[in-house]
Amino acid sequence: MSLNVSNLTVHHGAIRAISQVSIAVPTGKLAAIIGSNGAGKTTLLRTLSGLKNPTNGSIMWKGEKIVGIKPEALVRRGISHVSEGKSVIPELTVRENLELGAIWRRNAKESKESIDQVVSIFPRLGERIQQRADTLSGGERQMLAIGRAIMAKPQLLLLDEPSLGLAPLVVEQIFQTIRDLTTSMNLTVLLVEQNAMGALKIADLGIVLNLGKVVAINHAQALIDDPAVRAAYLGY
Amino acid sequence: MDLLNTFLIGITAGTIYALMAISMVLVWRSTRVVNFAQAGMALLSTYFGYEAVSRLGSFWIALPVAMIGGALVAALVEIILIRLLVKHSSSGPIAGVAPIIATLGLLGVIRSISAMIWGGQDLRIVGPISNDGFTINGTTLVFSPLKLLILVTVLVLMLILSIVFQKTNIGLALRASAYAPEIARLSGIKVDWVRTLGWALAGAAGAVAGMFQTVNGNGTLSPDSIEFSLLLVSGFIAAVIGGLDSLIGAVIGGLVLGLMIAFVLMYVSSGLFFIAPFVILLTVLFIRPQGIFGAKAARRA
Amino acid sequence: MQRRPVVHKKQSRDIFLFILGGVVLFFLSGMVDELRVYQGATIAIYVIAISSIILLTGYSGQVSLGHGALMAVGAYAAAVTRIEFKLPIILCFVVAVLLAAIGGALLGAAAARLSGPYLAGTTLALAIGLPSLANQFTVLGGEQGLLFDVGFPPLSLGEEFTQYKWFFWIAGLAALISMWIIKNILGSRYGRTWRAIRGNEVAAQLSGINIARSKILAFTISAGIAGLAGALLSMTIGTVSPSAFPLALSFSLLAGAVLSGLTTLGGAMIGAVVLVAIPEIADVVAHRVGSSERVTTNLPGFLVSALLILTVLFVPNGPVEQHRARKAKHLALKK
Numbered sequence: 001m002s003l004n005v006s007n008l009t010v011h012h013g014a015i016r017a018i019s020q021v022s023i024a025v026p027t028g029k030l031a032a033i034i035g036s037n038g039a040g041k042t043t044l045l046r047t048l049s050g051l052k053n054p055t056n057g058s059i060m061w062k063g064e065k066i067v068g069i070k071p072e073a074l075v076r077r078g079i080s081h082v083s084e085g086k087s088v089i090p091e092l093t094v095r096e097n098l099e100l101g102a103i104w105r106r107n108a109k110e111s112k113e114s115i116d117q118v119v120s121i122f123p124r125l126g127e128r129i130q131q132r133a134d135t136l137s138g139g140e141r142q143m144l145a146i147g148r149a150i151m152a153k154p155q156l157l158l159l160d161e162p163s164l165g166l167a168p169l170v171v172e173q174i175f176q177t178i179r180d181l182t183t184s185m186n187l188t189v190l191l192v193e194q195n196a197m198g199a200l201k202i203a204d205l206g207i208v209l210n211l212g213k214v215v216a217i218n219h220a221q222a223l224i225d226d227p228a229v230r231a232a233y234l235g236y
Numbered sequence: 001m002d003l004l005n006t007f008l009i010g011i012t013a014g015t016i017y018a019l020m021a022i023s024m025v026l027v028w029r030s031t032r033v034v035n036f037a038q039a040g041m042a043l044l045s046t047y048f049g050y051e052a053v054s055r056l057g058s059f060w061i062a063l064p065v066a067m068i069g070g071a072l073v074a075a076l077v078e079i080i081l082i083r084l085l086v087k088h089s090s091s092g093p094i095a096g097v098a099p100i101i102a103t104l105g106l107l108g109v110i111r112s113i114s115a116m117i118w119g120g121q122d123l124r125i126v127g128p129i130s131n132d133g134f135t136i137n138g139t140t141l142v143f144s145p146l147k148l149l150i151l152v153t154v155l156v157l158m159l160i161l162s163i164v165f166q167k168t169n170i171g172l173a174l175r176a177s178a179y180a181p182e183i184a185r186l187s188g189i190k191v192d193w194v195r196t197l198g199w200a201l202a203g204a205a206g207a208v209a210g211m212f213q214t215v216n217g218n219g220t221l222s223p224d225s226i227e228f229s230l231l232l233v234s235g236f237i238a239a240v241i242g243g244l245d246s247l248i249g250a251v252i253g254g255l256v257l258g259l260m261i262a263f264v265l266m267y268v269s270s271g272l273f274f275i276a277p278f279v280i281l282l283t284v285l286f287i288r289p290q291g292i293f294g295a296k297a298a299r300r301a
Numbered sequence: 001m002q003r004r005p006v007v008h009k010k011q012s013r014d015i016f017l018f019i020l021g022g023v024v025l026f027f028l029s030g031m032v033d034e035l036r037v038y039q040g041a042t043i044a045i046y047v048i049a050i051s052s053i054i055l056l057t058g059y060s061g062q063v064s065l066g067h068g069a070l071m072a073v074g075a076y077a078a079a080v081t082r083i084e085f086k087l088p089i090i091l092c093f094v095v096a097v098l099l100a101a102i103g104g105a106l107l108g109a110a111a112a113r114l115s116g117p118y119l120a121g122t123t124l125a126l127a128i129g130l131p132s133l134a135n136q137f138t139v140l141g142g143e144q145g146l147l148f149d150v151g152f153p154p155l156s157l158g159e160e161f162t163q164y165k166w167f168f169w170i171a172g173l174a175a176l177i178s179m180w181i182i183k184n185i186l187g188s189r190y191g192r193t194w195r196a197i198r199g200n201e202v203a204a205q206l207s208g209i210n211i212a213r214s215k216i217l218a219f220t221i222s223a224g225i226a227g228l229a230g231a232l233l234s235m236t237i238g239t240v241s242p243s244a245f246p247l248a249l250s251f252s253l254l255a256g257a258v259l260s261g262l263t264t265l266g267g268a269m270i271g272a273v274v275l276v277a278i279p280e281i282a283d284v285v286a287h288r289v290g291s292s293e294r295v296t297t298n299l300p301g302f303l304v305s306a307l308l309i310l311t312v313l314f315v316p317n318g319p320v321e322q323h324r325a326r327k328a329k330h331l332a333l334k335k
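Keeping their order, the protein sequence lines are chains H, E and W. In terms of our numbering, the first sequence is residues 1 to 236. In terms of our numbering, the second sequence is residues 1 to 301. In terms of our numbering, the third sequence is residues 1 to 335.
Worth double-checking, as some hints may not be accurate.
[Unchecked claim] A short list of chain H residues far from chain E (calculated; beta carbon distances all over 12 Å):
(1) Thr9
(2) Lys29
(3) Arg46
(4) Ser58
(5) Ser80
(6) Glu113
(7) Lys213
(8) Val229
(9) Arg230
[As the list claims (entries may be wrong)] Chain H side only, calculated, beta carbon under 8 Å to chain E, not exhaustive:
(10) Val75
(11) Gly78
(12) Arg95
(13) Ile103
For the record, the hints were derived by calculation from the structure and aren't laboratory data. For clarity, every value in this text was computed on a predicted model and none was experimentally measured. Here a beta-carbon is modelled for each residue, glycine too, at the ideal position from N, C-alpha and C.
Using the sequences and the hints given, assemble the complete structure.
Put into structure tokens, the structure is as follows:
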């Protein structure tokens, strides 16, 4: 188990957003985190990446405690977070956005190699490499955001609603890419999604959050087959 | 001939204002704070330069000394004051006003401390080369070797800054931290230290502006001097005219301000010296409320 | 339906408090020496000026670094009216308020589209530029300025009644009346509109508030009040000149407003007293420490500036608000 969350409680001011959540995600597996709005999914990711400090509980990553460590330091430990909606910098070019991902490595050669790698995964980015990021479509921006996260050569990838606002065909593409990356790069992935079905279909593990608590953890397929989950989140 | 003189005077003054404006834009972009103490810090750096000149005798050594001193002071201010400020007052009615008040307070503190240490005496810094006008065909321009030197140095500095910003990794980090601090953090950039760097660069730029402003005038150095007040105000106004978000805007704003003031003084009336910046500012902001190169929407993290 | 009686009761209580405050002050003025009386007048003037900033910045969220210039407008208006038209003093003050208000309306109109630092920059430029305009027009007296003489106190107050006491009474009365008026304005629909704009401009606009008009109104009223303060200031000095309204004055007003608590009208006294007291305290400290002249001249400025930084960092909403917030927190925790 490379990621071990135990008894995590996180507050937003006086409101308890996450309540004694315990999760274990094995290395190289994709865990889909689903739940309705306000369930605490985004808060969970933000706490894992260091943007938010928990009130209680611990997070172990690769055997080390990471609570209280700043986000920029966690990146160096292999955690990459693609936050919801706003994960590219519109004023910078595609290339600059990507370079940003590898900037802390301070290795120009590695950076270039990584850009080539990202472009081979997302050819559309290659076509637009010199353009400003604000000229990109929604789907391309999401690709860019994920591409930037990959540039950091992460071991843990936190994705917050990558399908948000995208056309169904694009969503399929992106989900498939995420699945491929998980396998090919041996990533541990936490995928937060409103598109519960799409996420569970590519996931190994499924976690259901409601009002800040874990209400179900199981193999993804088991959750798809579960009638309660089906009724609440999968729409049938 | 008058026209040429006025133009050259305006350009020279304008490049100095541009430097001050650049330092204000650097601070604004890295920490979203308008630093009213910028000119005070420039003054302090100039005093460092004065000490260097009087002990070592060379302006050219004194200039880097002032720049380093300015950078250090600015970095210290960012670390001690600004981080606290952002933490304690980022919400409520005070949010917009707090940095203004705090930096105004800082200005007062720096000014009074400078006056306590160096005030009341007649201190002068002499420029490295002559400030006597060039003579062409018997007529003497107001433009002098010194003014030419200032022009060239400032242009070179601006060039270096743009290369750093656009072509280097540290420049990319600076820009990313200014546009979107959270994304920058998530990319592994130590945003806090990048901000300090932004301030340090601003401090160095301000130091150059202060040194040049002093030698370009009659060389006297004092917390109450006209040159100092001018620096204080024009830097800010130039930055606003250009649009606080843009370094190019800072340069253009400074040049515009310098030229227009020179022309107003020459061709309209010298008494309008103080009202001219106001009118210029209003005119620009009337046409474009965010400054010439300013961004329309507020940036969000 | 129940609201009406409560409102009236509160108003009567406030009127009573104001009158009581006035009576107390006037008695005090008889008991202290001339210097204190003069300082009292200055404090009253600062109270008026600071409350104009509280209205503009604390309530409608617009930052002005140029209220010194607006004070100058009021001062010059009063002086010119007195000299050229020989109107009675009270009318001169009215003219001061009106002209300053017009100036504020113009400034507000220019500033309505500006925000944050751009607004600050414009007002800063105004603060520097406007007073120097006086040098251009002879009717405004140039560098030395104009004389502004409110005349001697009326004989009915007795032989012992000094000029400074008269200043204090006029300024004090003006302060009480202005505070009363401002308090009511802030509590009215206009005050609520300003707070809405300050809180969230987009939301306010969507609720149907005409942002530009509200902002301009705030500027107009604030300027009128500042104009009154300016005229009163000139009254105490006796002359109106550009040097009486330097940039430092605008900064001091902003400082005083912050020290008072930007949104607390009641705190205006605190800021005013601090602004007047600091130079005194600095003087005492400097002489006690017995250092060089350089230190003594600059110590007041240092103290005010340092106090300003500390206030903004640690008591950002002003002492009154801080105290209230702490009390509220205690009550909440008790539950």
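Each hint tested on the structure:
With a least CB separation of 23 Å from chain E, Thr9 (chain H) remains clear of the 12 Å interface cut-off, as annotated. Annotated as non-interface, Lys29 (chain H) keeps its C-beta farther than 12 Å from every C-beta of chain E; the closest such distance is 22 Å. Its beta-carbon lying about 10 Å from the closest one in chain E, Arg46 (chain H) breaks the requirement of being farther than 12 Å from that chain. Here Ser58 (chain H) stays apart from chain E, with its beta-carbon at least about 22 Å from theirs, past the 12 Å limit.
Non-interface status of Ser80 (chain H) relative to chain E is broken: a Cβ of that chain comes within 12 Å, the nearest being about 7 Å off. Chain E leaves Glu113 (chain H) outside its interface by the beta-carbon criterion, the shortest separation being 16 Å against a cut-off of 12 Å. At roughly 27 Å from the closest C-beta of chain E, the C-beta of Lys213 (chain H) stays outside 12 Å, upholding its exclusion from the interface. Look at Val229 (chain H): its CB is around 31 Å from the nearest CB on chain E, clear of 12 Å, so calling it non-interface holds up.
The Cβ of Arg230 (chain H) sits about 34 Å from the closest Cβ of chain E, beyond the 12 Å cut-off, so the non-interface label holds. Checking Val75 (chain H) against chain E: minimum C-beta separation of about 4 Å stays under 8 Å; hint holds. The closest approach between the C-beta of Gly78 (chain H) and any C-beta of chain E is roughly 11 Å, which is over the 8 Å cut-off, so the hint fails. Restraint check, Arg95 (chain H) versus chain E: the minimum CB separation of about 10 Å is more than 8 Å; hint violated.
The restraint placing Ile103 (chain H) at the interface with chain E holds, with a minimum CB-CB distance near 6 Å, inside the 8 Å limit.
Violation of the numbered hints given earlier is confined to hints 3, 5, 11, 12; the remaining hints are satisfied by the structure.
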